[in-house]
Amino acid sequence: MTLDLVIQQLVNGLIVGSFYALIALGYSMVFGVIKLLNFAHGDIYMNGAFVGLIVFSFVGIWVGNGWLGVVCALLVSMLVVGLLGVVIERFAYRPMRNAPRLSILITALGASMVLNGTALALTGGRHYAFNTDLGFAGVDISTVHITYTQMVLVAASIALMAGMQAFVSRTMYGKAMRAVSIDMGASRLMGIDVDRVIALTFFMGSALAAGGGVMAGAYYGSVHFFMGFIMGLKAFTAAVIGGIGSVPGAMLGGLLLGLLEAFGSSLPFVGSEWRDVFVFGTLILFLVFKPTGLLGRSVVERV
Amino acid sequence: MVVSFKRLACAIALAGLALTTMAAAADIKIGIVAPMTGQLASEGQDMENAVKMAIDAANAKGGVNGDKITTTTADDACDPQQAVTAGSKLVSEGVTAIVGGYCSGAVLPTLKIYGDAGIPFVIIGANSTKLVAANQGNAFLANSTGDMQAATAVELFKKNGYKKIAVVDEGDAYSSDLAKLTAEAFKSAGGEIAAKETTTAGEQDYSAVVTKIKSSGADAVFWTAYHAGGALLTKQLRQAGFQGGIVLGDGNNSPEYLEIAGSAGEGVYLLSPPTVDLLSGAADFKAKYKEAYGRDAGAYAALSHDVGDLIVDAITRAKSGDQKAIIEALKASDFKGLAGEIKFTDKNTLQTSNFRPVIAKGGKWVAVE
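Residue numbers (our numbering), protein chains in the order written: chain A, 18 to 320; chain B, 807 to 1175.
Derived by calculation from the structure, the hints in this document are not laboratory data. Among these hints, one or two may not hold up.
Derived DEER-like restraints, expressed as beta-carbon distance ranges [what the hints assert, rightly or not]:
| hint | chain 1 | residue 1 | chain 2 | residue 2 | range |
| --- | --- | --- | --- | --- | --- |
| 1 | A | Leu126 | B | Gln887 | 30 to 40 Å |
| 2 | B | Gly1169 | A | Trp79 | 17 to 27 Å |
| 3 | B | Ala1098 | A | Trp84 | 44 to 54 Å |
| 4 | B | Gly1008 | A | Ser159 | 44 to 54 Å |
| 5 | B | Gly1047 | A | Trp84 | 20 to 30 Å |
| 6 | A | Thr160 | B | Gln887 | 53 to 63 Å |
| 7 | A | Asp157 | B | Lys1137 | 27 to 37 Å |
Which stretches of chain A does chain B cover? Using the computed rule of at least three CB atoms under 8 Å from a CB of chain B, they are [as the list claims (entries may be wrong)]:
| hint | segment |
| --- | --- |
| 8 | 20–34 |
| 9 | 288–299 |
Where is the CB? At the ideal position from N, CA and C, for every residue including glycine.
Please model the complete structure; the sequences and the hints are all you need to start from.
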């Protein structure tokens, strides 16, 4: 590989990695607080993209198809889908909170199918165009082309993640979240409204996924009911690599996964069809040799 | 007395029936088999209408060899089981020849029925290579099979002066097969395959593959899979500043492609089956069809009309309703219709591909002249 190619793949990896990181963050937060692998998270991302597209088509009439429209779509979608996350938690997961771990895992699968099936029924499996005026203009560094859109996307997702990290580590609610994730019962005894903290976690995680969905929809220009499936898988992988339950771990895992994919496509001697083998092989290696991920703490099983 | 009168009436009626059947048998009867119900009923309706249009025109000119041609339609609903029932019905009605067939899956089990009965059968839409293998010699494929698309692709590459091609598929049986066939055909035609890439269906980010294609120095990209991925790939290639040509396989023949790809789709080539909108000589046919049936001619109407003409032509050359003679006449066909030339190989498939390249201009597919 020439240097240009390495730089280009680095850029590619960072862009797709920042999407993975956004989605992985929500995955990881929910897991941290109620130890649930929320399989519906990928579908939340897909719903976010659809809500964003609907808002975008409406506000586009007044503000055009440029950045303003995308930002409106982003904010509204994050709010609406964040609330959807709260509703799912309230009706699907809360009644199961004291049930065996497997039951709630299956509930999560069910929630995923409900969201996915509803989207399929409503859209008829059509691929919708998310056409923006963002364009392909950008800067060229030798043969490497980086569009302004790509720069803004990466900056926006880093800002969202940094905001989230600040919220979790600096605010009272963040402290409550961390307390609940360590010991739910003790937190309740300390006067923390556990239900509220969990609802807040779902709101924030879902809002981040929706933000990722709108950005991905606008960036790639297409939205369909199945787009959350692969994204959910990748976000899970990113969360595991980074250390599930850890906020900085999810970010690191996402970026790392993006880079693994970009360079996995350019492996010497084999073609790009081996990329997923390479990526998910890495996941298996992590699960076997370092299940706590890069930044995860080893969990001491309470007896 | 009353009873015997009834008997007499019955006898007369029966005799009359026998006479009319005999008269009908002297005529040429063409069976049309198509999906008249179910999801693809609209295509089936088009096929029936277009074949009838051709046959009505022949009858208006005095029929073939002095005989009038009649038609009878059987509904296969694109369902293998119903297709067998429909096929048996046509055989028992004693048809001279059969045309039609839209879904390969529904046509496949009927090949034996028609083959055993020795009835000439011209298949209009169905084009799986499995049909070629199951053919007993009486069936003819009037639509190009998948592997002919590779030939059309290579022809387009050469015409546009592409020397190095990147082939991209989605890893499924259809698209990887087309990618492989095209790569082989292009190599043996003296071209170079700069890259052969595979993407994952359902994924949105193709940037890593795009970067590889760009750095491989390919003049053009050939995408063999479906429109959803095709639109994303097109957009991302143009976004990365790829200036070369983009060619799409027939799985991209969808308005959704143009919607999603937007301005990035401009100037992209598509290998299309001979749909009526893209045929330059079909304007007159389209107008007549609309006048006769009150609806727009669908994708396969032109090819169905050609097959109607073809069977009339074959029966004329066979100089009788003899089925063996008609099969021989079909084998020797040298026919030029709206959708292109129909000449058969020794396997009863088309000699020349009827796929044709079209180009995206102003958000529409238009024929490449």
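Hints, one by one, checked against the model:
1. At roughly 35 Å, the beta-carbon separation of A:Leu126 and B:Gln887 lies within the given 30 to 40 Å, and the hint holds.
2. For B:Gly1169 and A:Trp79, the hinted distance range of 17 to 27 Å is satisfied, since their beta carbons lie about 24 Å from each other.
3. For the pair B:Ala1098 and A:Trp84, the supplied restraint of 44 to 54 Å holds, since their beta-carbon distance comes to about 53 Å.
4. A C-beta distance of roughly 33 Å is found between B:Gly1008 and A:Ser159, which places it outside the suggested range of 44 to 54 Å.
5. The hint said 20 to 30 Å for the Cβ distance between B:Gly1047 and A:Trp84, and at roughly 22 Å that hint holds.
6. Between A:Thr160 and B:Gln887, the C-beta spacing of about 58 Å keeps the proposed range 53 to 63 Å intact.
7. Between A:Asp157 and B:Lys1137 the C-beta distance comes to about 60 Å, which lies outside the given range of 27 to 37 Å.
8. Note: the segment 20–34 of chain A has 8 residues with beta-carbon separation from chain B under 8 Å; the three-residue rule is met and the coverage holds.
9. Residues of the segment 288–299 of chain A with a Cβ under 8 Å from some Cβ of chain B number 5, which satisfies the need for three, so the listed coverage holds.
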